[in-house]
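Protein sequence lines correspond, in order, to chains A and R. Heads up: the first sequence is residues 1 to 196, going by this note's numbering. Heads up: the second sequence is residues 1 to 561, going by this note's numbering.
Be careful, since some hints might not be right.
To give an idea of the chain R side of the interface with chain A (calculated C-beta under 10 Å), a few residues [as the list claims (entries may be wrong)]:
#: 1; residue: Gln70
#: 2; residue: Ser73
#: 3; residue: Leu119
#: 4; residue: Ala188
#: 5; residue: Pro203
#: 6; residue: Pro230
#: 7; residue: Asp241
#: 8; residue: Gly254
#: 9; residue: Met325
#: 10; residue: Leu446
#: 11; residue: His450
Which stretches of chain R does chain A cover? Using the computed rule of at least three CB atoms under 8 Å from a CB of chain A, they are [what the hints assert, rightly or not]:
#: 12; segment: 43-54
#: 13; segment: 189-201
#: 14; segment: 234-240
No wet-lab data here; the hints were simulated from the structure. Note that the structure is a prediction, hence the values are computed from the model and not measured. The C-beta atom is built at its ideal place from N, Cα and C for all residues, glycine as well.
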Amino acid sequence: MSAMPAALTPEWTLPSRGRIGMYCLIAAEAAIFTIFVVAYLFYIGKSVNGPMPRDVLEVPVFYTVCLLSSSIVIHFAERALERGQLGSFKILWFLTFALGAIFLVGTGFEWRHLIEHGLTISTNLFGTTYYSLVGLHALHVSVGLIGFLIVIAFSLAAKVTEAHSPQISVFALYWHFVDAVWVVVFTVVYIVGLRA
Amino acid sequence: MASESVPISGSIHLERESGRTWLETLHEWVITVDHKKLGLMYIGLALLFLVIGGIEAMVMRLQLAVPHAQFVSPEVFNRMFTMHGTTMIFFVAMPVMFGFGVYLVPLMIGTRDMAFPRLNAWGFWITAFGGLLLYFSFIGGDGLYGAGGAPDVGWWAYAPLTSPAFSKGHSTDYWTIALLVAGFGSVATAVNLVATVLSMRCPGMTLGKMPLLVWMYLVMGGMVLFTITPLTAAQMMLMVDRYLGGHFFDTQAGGSAVMWMHFFWIFGHPEVYVLIIPTFAFISEIVPVFSRKPIFGYPIMVAATVGIGFVSMSVWAHHMYTVGMASYSNAFFVLTTLSVGIPTGIKIFNWLGTMWGGKIRYSTPMMFAVGFLFQFLIAGLTGIMLGAAPFDWQLGGSYFVVAHFHYVIVGGILFSLFGAFYYWYPKMTGRLLDETLGKWHFWLFLIGFHLTFDFMHIPGLLGMPRRIYTYEPGRGWEVWNLIVSIGAIVQTIGTLCFVFNLIWSYFRGKKAGNDPWDAWTLEWSVASPPPVYNFATLPDVKSRRPLWDIKHPEDPDWKYE
Numbered sequence: 001m002s003a004m005p006a007a008l009t010p011e012w013t014l015p016s017r018g019r020i021g022m023y024c025l026i027a028a029e030a031a032i033f034t035i036f037v038v039a040y041l042f043y044i045g046k047s048v049n050g051p052m053p054r055d056v057l058e059v060p061v062f063y064t065v066c067l068l069s070s071s072i073v074i075h076f077a078e079r080a081l082e083r084g085q086l087g088s089f090k091i092l093w094f095l096t097f098a099l100g101a102i103f104l105v106g107t108g109f110e111w112r113h114l115i116e117h118g119l120t121i122s123t124n125l126f127g128t129t130y131y132s133l134v135g136l137h138a139l140h141v142s143v144g145l146i147g148f149l150i151v152i153a154f155s156l157a158a159k160v161t162e163a164h165s166p167q168i169s170v171f172a173l174y175w176h177f178v179d180a181v182w183v184v185v186f187t188v189v190y191i192v193g194l195r196a
Numbered sequence: 001m002a003s004e005s006v007p008i009s010g011s012i013h014l015e016r017e018s019g020r021t022w023l024e025t026l027h028e029w030v031i032t033v034d035h036k037k038l039g040l041m042y043i044g045l046a047l048l049f050l051v052i053g054g055i056e057a058m059v060m061r062l063q064l065a066v067p068h069a070q071f072v073s074p075e076v077f078n079r080m081f082t083m084h085g086t087t088m089i090f091f092v093a094m095p096v097m098f099g100f101g102v103y104l105v106p107l108m109i110g111t112r113d114m115a116f117p118r119l120n121a122w123g124f125w126i127t128a129f130g131g132l133l134l135y136f137s138f139i140g141g142d143g144l145y146g147a148g149g150a151p152d153v154g155w156w157a158y159a160p161l162t163s164p165a166f167s168k169g170h171s172t173d174y175w176t177i178a179l180l181v182a183g184f185g186s187v188a189t190a191v192n193l194v195a196t197v198l199s200m201r202c203p204g205m206t207l208g209k210m211p212l213l214v215w216m217y218l219v220m221g222g223m224v225l226f227t228i229t230p231l232t233a234a235q236m237m238l239m240v241d242r243y244l245g246g247h248f249f250d251t252q253a254g255g256s257a258v259m260w261m262h263f264f265w266i267f268g269h270p271e272v273y274v275l276i277i278p279t280f281a282f283i284s285e286i287v288p289v290f291s292r293k294p295i296f297g298y299p300i301m302v303a304a305t306v307g308i309g310f311v312s313m314s315v316w317a318h319h320m321y322t323v324g325m326a327s328y329s330n331a332f333f334v335l336t337t338l339s340v341g342i343p344t345g346i347k348i349f350n351w352l353g354t355m356w357g358g359k360i361r362y363s364t365p366m367m368f369a370v371g372f373l374f375q376f377l378i379a380g381l382t383g384i385m386l387g388a389a390p391f392d393w394q395l396g397g398s399y400f401v402v403a404h405f406h407y408v409i410v411g412g413i414l415f416s417l418f419g420a421f422y423y424w425y426p427k428m429t430g431r432l433l434d435e436t437l438g439k440w441h442f443w444l445f446l447i448g449f450h451l452t453f454d455f456m457h458i459p460g461l462l463g464m465p466r467r468i469y470t471y472e473p474g475r476g477w478e479v480w481n482l483i484v485s486i487g488a489i490v491q492t493i494g495t496l497c498f499v500f501n502l503i504w505s506y507f508r509g510k511k512a513g514n515d516p517w518d519a520w521t522l523e524w525s526v527a528s529p530p531p532v533y534n535f536a537t538l539p540d541v542k543s544r545r546p547l548w549d550i551k552h553p554e555d556p557d558w559k560y561e
């Protein structure tokens with residue numbers, strides 16, 4: 001057997017390093033969240049004093065719907081950018097940002113409600129695990145919102161074109177991850193742990 | 001012949017004018033994003049901390065050499081073992097493995113840099129900052145209370161020792177934050193390694209044609225993503241406890257000290273494999289080249305590495321048998337722990353199979369590799385002993401455990417690492433390390449190692465607990481401790497030979513040329529040290545030994561693979 005002529009060798013393609021990098025980051029972040037979720041589950045019902053979740057916790061249905069629907073909107077924003085529809089990209093992208101921001105504001109209201117009812121991070125184990133887990137998620141939402149703002153700024157300066165579609169889709173992966181984490185946090189905090 | 005497109009050496013002329021000032025050189029190293037410079041800085045950082053961590057070990061051994069010694073105070077002794085463990089794992093072993101990784105992986109896969117060069121620089125500098133923070137604790141750890149100093153909670157930092165009540169001042173906080181930021185650096189570099197291996201390979205280098213070193217760094221990078229992050233999470237929780245009055249590990253408020261143990265060892269055990277897998281990588285490159293044979297059983301080596309990566313994630317609680325777990329937990333962790341022996345055994349047999357019938361050249365790298373094979377086997381055997389829960393109930397927390405894991409880390413990891421230094425130093429600097437000094441280094445270190453760590457098992461069997469400040473005469477421990485301390489001095493002399501060799505050979509060593517060992521992987525196809533751009537034209541790879549194909553066009557490997 002002899003060497004294949006160059007023309008017959010298949011084209012050399014490799015996966016995008018941006019996507020691989022983001023998948024790796026998501027894997028690492030998922031491990032961090034896993035530890036916090038395990039801690040939350042382990043400490044359900046172990047607080048030695050109140051207030052308990054059943055006394056103070058309210059299920060944030062509206063804000064959850066906002067955050068989860070932002071995953072759908074960002075998908076359409078990506079599509080719009082791919083096709084070069086810059087106008088609709090801008091609108092959809094801002095809508096995604098707004099939905100995320102509403103969620104973050106909702107977390108703020110929820111925390112104020114809890115603090116008024118006497119629950120802080122040092123009150124009991126519920127407070128410690130609750131504020132840590134939800135706070136870690138809120139931190140990731142905040143980082144995402146900063147990312148959205150940067151893109152909005154570039155977009156308003158007309159610096160975002162369909163050439164940036166790969167970068168935008170890498171960022172969208174992060175946002176989908178933040179939403180997926182919320183599904184887990186919501187299940188653990190507001191379904192499994194609510195009656196404790 | 002298509003394989004001729006692999007360039008033997010690049011020849012683009014990019015020479016800077018000589019006669020730069022000291023400041024310009026410093027500036028160049030500080031702002032660099034070149035993977036070779038960053039790799040060397042990682043290695044330099046690790047060597048610096050190796051000396052510091054080694055001094056801490058010597059302080060401990062002098063204190064323990066004779067009974068009732070008062071060489072240092074008990075408080076200082078506690079700081080020494082804490083700082084020794086933390087330094088050696090996080091600021092010697094991790095940076096040096098990353099250093100070799102970021103230096104070698106792009107060269108071996110035929111590319112010009114890492115996937116994310118700036119992230120690479122960030123990873124290095126944040127790690128260096130972490131090391132600085134850790135050592136700043138010696139002066140900064142007092143806080144406003146006058147208590148503290150360097151961290152003294154042990155490198156596991158078990159709760160409730162780290163609670164504000166028992167750990168006043170800021171020493172524990174320096175420890176926490178240092179490991180937190182160094183952990184960010186490790187994750188960043190791991191992301192970078194995985195992305196580089198998957199997305200930057202030169203044409204023709206399919207996954208099945210990558211050098212084993214690259215495969216093993218891919219597995220190592222993937223493991224770091226899942227290994228360092230649990231520690232990051234646990235450190236965040238500890239900070240919530242210490243700064244915000246949280247109760248994660250506060251047993252008074254319903255928290256659990258055992259949770260910290262789980263979180264720490266979910267990091268701690270896979271971490272051992274994160275460190276040992278790169279050493280497997282070095283051995284897998286050195287043994288074939290010095291046996292003049294291709295590696296035996298390449299696919300099974302890859303499979304065994306991936307297997308170790310997976311199994312190692314489910315063995316952590318074998319560090320916790322003495323805590324008292326349910327019998328089914330014990331059984332599970334005994335079974336998983338012992339099963340690690342299977343892929344590891346496969347590897348040892350594959351290296352032996354590579355040497356079998358080869359024309360072995362006993363240059364210094366190969367001597368260290370053979371030392372590794374023998375000592376790693378012994379370390380594995382005591383590991384299997386300790387992996388069995390009933391045996392561990394007897395000897396957990398004794399000097400037997402200390403002897404076991406130092407056998408892994410020094411006898412295995414450090415020996416292989418020394419081999420890697422002798423093997424790749426010519427590529428990194430353009431000059432060979434001196435062979436005579438190398439042989440002195442090897443024999444002194446080998447003798448010192450066996451004096452220290454063979455005999456350290458015995459006081460452990462006689463019941464000497466780890467981390468004790470001193471001991472009474474008449475327990476039968478004295479002579480063993482004295483031998484152990486003498487061995488530590490011999491190892492220090494051996495290490496000094498090595499450090500002297502590193503410096504002397506940089507100026508006076510024999511010129512290496514591109515390929516001093518007649519090796520087969522791509523890094524030896526470029527100049528020593530490699531040019532900034534690595535490859536003038538990207539190579540086109542047809543087999544696992546691209547350089548063999550070039551040197552032996554009449555009998556290339558790709559005909560048989």
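For each hint, the structure was consulted:
Annotation: glutamine 70/R was flagged as interfacial toward chain A, and the flag is violated, the nearest CB pair being 42 Å apart, outside 10 Å. Annotation: serine 73/R was flagged as interfacial toward chain A, and the flag is violated, the nearest CB pair being 35 Å apart, outside 10 Å. With a cut of 10 Å, the hint placing leucine 119/R at the interface with chain A holds, because the nearest CB-to-CB distance is about 8 Å. Interface hint at alanine 188/R: satisfied, since its Cβ lies 9 Å from the closest Cβ of chain A, which is below the 10 Å cut-off.
Restraint check, proline 203/R versus chain A: the minimum CB separation of about 4 Å is within 10 Å; hint holds. The beta carbon of proline 230/R is positioned within 10 Å of a beta carbon in chain A (closest approach about 5 Å), and the interface hint is therefore held. Interface hint at aspartate 241/R: satisfied, since its Cβ lies 8 Å from the closest Cβ of chain A, which is below the 10 Å cut-off. Evaluation of the glycine 254/R hint against chain A yields a held restraint, the C-beta minimum of about 4 Å falling below 10 Å.
Because the closest C-beta pair between methionine 325/R and chain A is about 15 Å apart, greater than 10 Å, the hint is violated. Interface hint status for leucine 446/R: violated, as the beta-carbon distance to the closest one in chain A is roughly 39 Å, over 10 Å. Using the Cβ-Cβ criterion of 10 Å, the hint placing histidine 450/R at the interface with chain A is not satisfied: the shortest such distance is roughly 39 Å. Counting residues of the segment 43-54 of chain R whose beta-carbon sits less than 8 Å from any beta-carbon of chain A gives 0, not enough to reach three: the coverage restraint is violated.
Counting residues of the segment 189-201 of chain R whose C-beta sits closer than 8 Å to any C-beta of chain A gives 10, which meets the bar of three, so the coverage hint holds. Counting residues of the segment 234-240 of chain R whose C-beta lies closer than 8 Å to any C-beta of chain A gives 4; at least three are required, and the coverage claim holds.
When the structure is compared with the earlier hints, violations turn up for hints 1, 2, 9, 10, 11 and 12 and for no others.
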